[in-house]
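A.B. asks: Residues per chain are reported as follows:
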Amino acid sequence: MKKKNLRTRAIIIAIVTLVGLYLVIGPRHRPHLKDFGWSGIKANLKSNIHLGLDLQGGTHLVMRVKTADYLQRLTEENYRAAQTVAQDAGFEITGGRADTGAGNHRVVLDLADPSKATQVKEAVQKKVELGDTTSWTFAQSGNQISWTMTATAERVLADNATQQALNIIDRRINALGIAEPTLQTHGAQSAHQILLQMPGVQDPERVKEVLRVESRLELVHVIGPPSPAPPTTYATEQEAINSLNSGGTIPPNRKILPYKKRARPNPDGTPAPDQPTQYVVVETPGIIRGEELRTATASQSQGGGINDFEISFALNKSGADKFGAWTGAHVNDYMGVNLNDKVESIAYIRSQIYDQGQITGNFSKEEAEDLALTLRSGALPASIEYLEERTVGPSLGQDSINAGVRASLVGLALVIVFMLFYYRGSGVNAVVALILNMILMMAGLIVFGATLTLPGIAGIILTIGMAVDSNVLVFERIREELRSGKTVASAVDQGFNRAFVTIIDTHVTTIVSSMFLFVFGTGPIRGFAVTLVIGLLVNLFSAVYVSRTIFIWLLSRKERVESLSI
Amino acid sequence: MFQILHDVNIDWLRHRRWFIGISVALMLAGLGSAVIRQATGHPAFNLGVDFKGGTVVTARFKQRPADDAIREALNTKGVNDATVQPVTDRPDTVLIRVPLVEGQDGRASVRNALNTFGTEAAPNLELNADPNAAYKIVGTDAVGAIAGAQLRNKAIAVTLAALVGILIYIAFRFEWTYGAAAVIAVFHDVLVTLGFFSIFQVEVSLNVIAALLTLVGFSVNDTIVVFDRIRENRRLHRRDPLYKITNDAINQTLSRTTITNGLVFLSVLALVIFGGDVLRAFSLALFIGVIVGTWSSIAVASPIMVWWEQRLDAANRAAALTFNQPRVMKAAGAASSTKSTKQIRTS
Numbered sequence: 009m010k011k012k013n014l015r016t017r018a019i020i021i022a023i024v025t026l027v028g029l030y031l032v033i034g035p036r037h038r039p040h041l042k043d044f045g046w047s048g049i050k051a052n053l054k055s056n057i058h059l060g061l062d063l064q065g066g067t068h069l070v071m072r073v074k075t076a077d078y079l080q081r082l083t084e085e086n087y088r089a090a091q092t093v094a095q096d097a098g099f100e101i102t103g104g105r106a107d108t109g110a111g112n113h114r115v116v117l118d119l120a121d122p123s124k125a126t127q128v129k130e131a132v133q134k135k136v137e138l139g140d141t142t143s144w145t146f147a148q149s150g151n152q153i154s155w156t157m158t159a160t161a162e163r164v165l166a167d168n169a170t171q172q173a174l175n176i177i178d179r180r181i182n183a184l185g186i187a188e189p190t191l192q193t194h195g196a197q198s199a200h201q202i203l204l205q206m207p208g209v210q211d212p213e214r215v216k217e218v219l220r221v222e223s224r225l226e227l228v229h230v231i232g233p234p235s236p237a238p239p240t241t242y243a244t245e246q247e248a249i250n251s252l253n254s255g256g257t258i259p260p261n262r263k264i265l266p267y268k269k270r271a272r273p274n275p276d277g278t279p280a281p282d283q284p285t286q287y288v289v290v291e292t293p294g295i296i297r298g299e300e301l302r303t304a305t306a307s308q309s310q311g312g313g314i315n316d317f318e319i320s321f322a323l324n325k326s327g328a329d330k331f332g333a334w335t336g337a338h339v340n341d342y343m344g345v346n347l348n349d350k351v352e353s354i355a356y357i358r359s360q361i362y363d364q365g366q367i368t369g370n371f372s373k374e375e376a377e378d379l380a381l382t383l384r385s386g387a388l389p390a391s392i393e394y395l396e397e398r399t400v401g402p403s404l405g406q407d408s409i410n411a412g413v414r415a416s417l418v419g420l421a422l423v424i425v426f427m428l429f430y431y432r433g434s435g436v437n438a439v440v441a442l443i444l445n446m447i448l449m450m451a452g453l454i455v456f457g458a459t460l461t462l463p464g465i466a467g468i469i470l471t472i473g474m475a476v477d478s479n480v481l482v483f484e485r486i487r488e489e490l491r492s493g494k495t496v497a498s499a500v501d502q503g504f505n506r507a508f509v510t511i512i513d514t515h516v517t518t519i520v521s522s523m524f525l526f527v528f529g530t531g532p533i534r535g536f537a538v539t540l541v542i543g544l545l546v547n548l549f550s551a552v553y554v555s556r557t558i559f560i561w562l563l564s565r566k567e568r569v570e571s572l573s574i
Numbered sequence: 020m021f022q023i024l025h026d027v028n029i030d031w032l033r034h035r036r037w038f039i040g041i042s043v044a045l046m047l048a049g050l051g052s053a054v055i056r057q058a059t060g061h062p063a064f065n066l067g068v069d070f071k072g073g074t075v076v077t078a079r080f081k082q083r084p085a086d087d088a089i090r091e092a093l094n095t096k097g098v099n100d101a102t103v104q105p106v107t108d109r110p111d112t113v114l115i116r117v118p119l120v121e122g123q124d125g126r127a128s129v130r131n132a133l134n135t136f137g138t139e140a141a142p143n144l145e146l147n148a149d150p151n152a153a154y155k156i157v158g159t160d161a162v163g164a165i166a167g168a169q170l171r172n173k174a175i176a177v178t179l180a181a182l183v184g185i186l187i188y189i190a191f192r193f194e195w196t197y198g199a200a201a202v203i204a205v206f207h208d209v210l211v212t213l214g215f216f217s218i219f220q221v222e223v224s225l226n227v228i229a230a231l232l233t234l235v236g237f238s239v240n241d242t243i244v245v246f247d248r249i250r251e252n253r254r255l256h257r258r259d260p261l262y263k264i265t266n267d268a269i270n271q272t273l274s275r276t277t278i279t280n281g282l283v284f285l286s287v288l289a290l291v292i293f294g295g296d297v298l299r300a301f302s303l304a305l306f307i308g309v310i311v312g313t314w315s316s317i318a319v320a321s322p323i324m325v326w327w328e329q330r331l332d333a334a335n336r337a338a339a340l341t342f343n344q345p346r347v348m349k350a351a352g353a354a355s356s357t358k359s360t361k362q363i364r365t366s
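If you're matching them up, the sequences are chains A and B in order.
Okay, so the first sequence: first residue is 9 according to this note's numbering, each after it adds one.
Okay, so the second sequence: first residue is 20 according to this note's numbering, each after it adds one.
Think of the hints as simulated: they come from the structure by calculation, not from any bench.
Hints may contain errors.
What the hints assert, rightly or not - Computed list of lysine-lysine pairs in DSSO-like fashion (alpha-carbon distance at most 30 Å, straight line):
id, chain 1, residue 1, chain 2, residue 2
1, A, Lys-50, A, Lys-74
2, A, Lys-373, A, Lys-12
3, B, Lys-81, A, Lys-268
4, B, Lys-81, A, Lys-216
5, A, Lys-373, B, Lys-263
6, A, Lys-216, B, Lys-173
7, A, Lys-350, A, Lys-373
8, A, Lys-494, B, Lys-96
9, A, Lys-74, B, Lys-81
10, A, Lys-74, A, Lys-12
11, A, Lys-42, A, Lys-54
12, B, Lys-81, B, Lys-96
13, A, Lys-373, A, Lys-129
14, A, Lys-216, A, Lys-135
15, A, Lys-268, A, Lys-135
16, A, Lys-216, A, Lys-373
17, A, Lys-134, A, Lys-268
18, A, Lys-135, A, Lys-12
19, A, Lys-74, A, Lys-350
20, A, Lys-124, A, Lys-135
21, A, Lys-216, B, Lys-96
The structure displayed is predicted, hence computed values, not measured ones.
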């Protein structure tokens, strides 16, 4: 064999091995001698290899944004706004409705005079976002006019809502101070799912609570006689509807909301018994919406006990202008804080207020802090539900690492012993290739920033199997060629050439199927596919190129090689 | 040189009816188990929370109460139909499975019940680091109905897609009959393994699907090694019939098959024994898979391929002759043409 060829091969292998080894056990900073001591290597290994949540411990949450609710609310809001605008413009509206449901979001108005349809349409579209023809299709039939949401708009709006929810969840998580979270959309775009992974978080309950809160805040006018009369509340929803004197229906500019007055906690800190839920009538749309909030902080109520907290908020410029004007005109009227369609507190306007306010309601410290946090981060466009929740404590993760490493080592040891016993000298060759495979596979995982998961360890074990198979294929072939009377050199040559075709076919098939797993698979299956693909690619190098080089070197040491230990 | 299985000469294909019969019987057994269970109102498979929805809580105790005590505590606190399963390699740990209940947080309700035995360790503390704690929830898997169905559909879709990928690649490298035979063999492996899971009601989780995919890889690997040899032998010995070539290929690769699969079998055995409970179902699926995969490469894939190729060959020859007829007629006249057709029929 040509000496020069051998040298090039040796240099390539040496470089790849050293780079791989450094990637696995070397530090990412400028190396020190102490980085290569036992504890240094251990620390480097730990920081180089990204462990999946199942090994490292942490929480994995999959949530779904309820986009259908969002579209429904949007349609209903538009319906109310359209009706109010049309009436304010002097047109007589005899009825109408908001249809909701997938593929059927529609705002319908019944006109007293169908000939005014165009004028009503123009008046409404001037003030309500129904004029965009890519989002809403206008139609008239008899005295009814309607705007139907297009399929494109349904999709785009739902996607936007998901994206918006993602941003808000991101803000809330950062505010909670969670280290290194991974937040991304999950699955198909149309599924509207979000995946959140939080390494190290063992008990996700508080996080889940904080993320779930929609935090749709609205300051609303509570209908009723002004102070000093107490705020007008009703014992049942029906009573509240009856008070409107509108024949059992709720006019579009009114809403009935539940109101539960929170009792002040007992002095010893235990919560007081619940008060019955009451109902209030409020004006809609509200005065101020949550988007106009500048800040929100939790603080202890003045004169309140240890467990009596409130949330102080400040409004931005446009909010303050509106709020100032409204409170100026409504001194002594009652104002309510509507949070997620529940009135949390009611207060009367003592004097004109501009940009400050409080939400009082005997909150506990944690409740108040979480509420302030969610108000600051903005409202979720729609509520979310949890589809999947997986938590792994660090001790459980460590158990899995131990089990996986133990099983891999036992498997590896069995293989090594057998190869040395069965193939003698050439077995050494196979063992070198196997160990190199393990090192380079780890290096590959690091280079691609892949995470090692429990199924990933299974992938490693499968790779050991495939790597041994390549060696066995080659060695058996060489033996066969030797038996048929070929010289050692040509038997090795033939053995590698013939087996190579098979090795390529088996590897490519497995890589092809693993690619499917990687692209379409979920968490654990993906982790498996990644290690397998990397392991197989590395194997083509270690079991074919490296192993062959060792044979070439063995053969080059003597002029004529008579026998081969195989 | 030490050698097992030297110069074997077994007529594998002679037993093909037996082979296929045994495989069909195995598949029918699994299928029968699934169908009978389904018909008698039991679930065909013991689906884990990944696919069925529900919650599994892994709790670790300082002093583990008896399983019955835990069950009773759960019942008292209104957590019904929970199963308590000890972890064999961790005596201080139990798995508590709670079915999916609308509007109920599985983890919270299990915690509520476990508080009967003392308090849980603080969220940021390990169990032993908290002197006041009696237990700690060290892991949860909660999957809702939507996610369960989604994971199930995805697992099936991914497996089928992987099979199609394999079929296309083998068809591209060999013939499509080879690809089809390999895919049928692999499909057989998946069915037999799933059948085993149905008969013995081993829990099917996401990890089991990963194991099924692993065995798909392994089995195809084995099949390709044989097919590759067939392809090579066909080039070297053009005159030999496919029947002989296939038998030779299986025999020539038999020592490789034995060594590789033996080693893989041993590694998987190590996984079953040392891999712990977390990996148990996974290793078990692989364990069955390795055996079935080795079997199917020899006993299913090759016979199907040979049978198919022979039928195609016969059809091709017949088609070629019919196509040639006009020329035959021109050369030798109508009478000899009928004679030659007759000969084909009798041959």
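A.B. asks: Hints first: check each against the structure and report whether it holds.
C.D. replies: Against the structure, the hints:
With a CA separation close to 45 Å, the supplied pair Lys-50 (chain A) and Lys-74 (chain A) exceeds the 30 Å bound. Among the hinted pairs, Lys-373 (chain A) with Lys-12 (chain A) is inconsistent with the structure: their alpha-carbon atoms are about 76 Å apart, more than 30 Å. Between Lys-81 (chain B) and Lys-268 (chain A) the alpha-carbon distance is near 43 Å, which puts this suggested pair outside the 30 Å criterion. Between Lys-81 (chain B) and Lys-216 (chain A) the alpha-carbon distance is near 28 Å, which keeps this suggested pair within the 30 Å criterion.
Taking the CA atoms of Lys-373 (chain A) and Lys-263 (chain B), the gap is about 83 Å. The hint is violated against a cut of 30 Å. A hinted pair counts as satisfied when its Cα atoms are at most 30 Å apart, and Lys-216 (chain A) with Lys-173 (chain B) qualifies at roughly 26 Å. Among the hinted pairs, Lys-350 (chain A) with Lys-373 (chain A) is consistent with the structure: their alpha-carbon atoms are about 20 Å apart, no more than 30 Å. A threshold of 30 Å between alpha carbons decides the hint, and for Lys-494 (chain A) with Lys-96 (chain B) the separation of about 78 Å lies outside it, so the pair is violated.
Of the supplied pair hints, the one linking Lys-74 (chain A) and Lys-81 (chain B) is violated, its CA atoms being roughly 42 Å apart against a limit of 30 Å. The suggested pairing of Lys-74 (chain A) with Lys-12 (chain A) is violated, with an alpha-carbon distance near 67 Å, which exceeds 30 Å. For the proposed pair Lys-42 (chain A) and Lys-54 (chain A), the alpha carbon gap of about 16 Å is at most 30 Å, so the pair holds. Annotation: proposed proximity of Lys-81 (chain B) to Lys-96 (chain B) holds, straight-line Cα distance about 22 Å (limit 30 Å).
Between Lys-373 (chain A) and Lys-129 (chain A) the alpha-carbon distance is near 50 Å, which puts this suggested pair outside the 30 Å criterion. Restraint check for Lys-216 (chain A) and Lys-135 (chain A): the C-alpha separation of about 38 Å exceeds 30 Å, so the hint is violated. Annotation: proposed proximity of Lys-268 (chain A) to Lys-135 (chain A) is violated, straight-line Cα distance about 35 Å (limit 30 Å). As the CA atoms of Lys-216 (chain A) and Lys-373 (chain A) are separated by approximately 18 Å, the hinted pair is consistent with the 30 Å bound.
Pair hint Lys-134 (chain A) plus Lys-268 (chain A) does not hold up; C-alpha atoms about 38 Å apart against a cutoff of 30 Å. A threshold of 30 Å between alpha carbons decides the hint, and for Lys-135 (chain A) with Lys-12 (chain A) the separation of about 82 Å lies outside it, so the pair is violated. Restraint check for Lys-74 (chain A) and Lys-350 (chain A): the C-alpha separation of about 19 Å stays at or below 30 Å, so the hint holds. Among the hinted pairs, Lys-124 (chain A) with Lys-135 (chain A) is consistent with the structure: their alpha-carbon atoms are about 17 Å apart, no more than 30 Å.
In summary, the hint linking Lys-216 (chain A) to Lys-96 (chain B) is supported, as the alpha carbons are separated by about 23 Å, within the 30 Å threshold.
Violated hints, listed in ascending order, are 1, 2, 3, 5, 8, 9, 10, 13, 14, 15, 17 and 18; each of the other numbered hints is respected by the structure.
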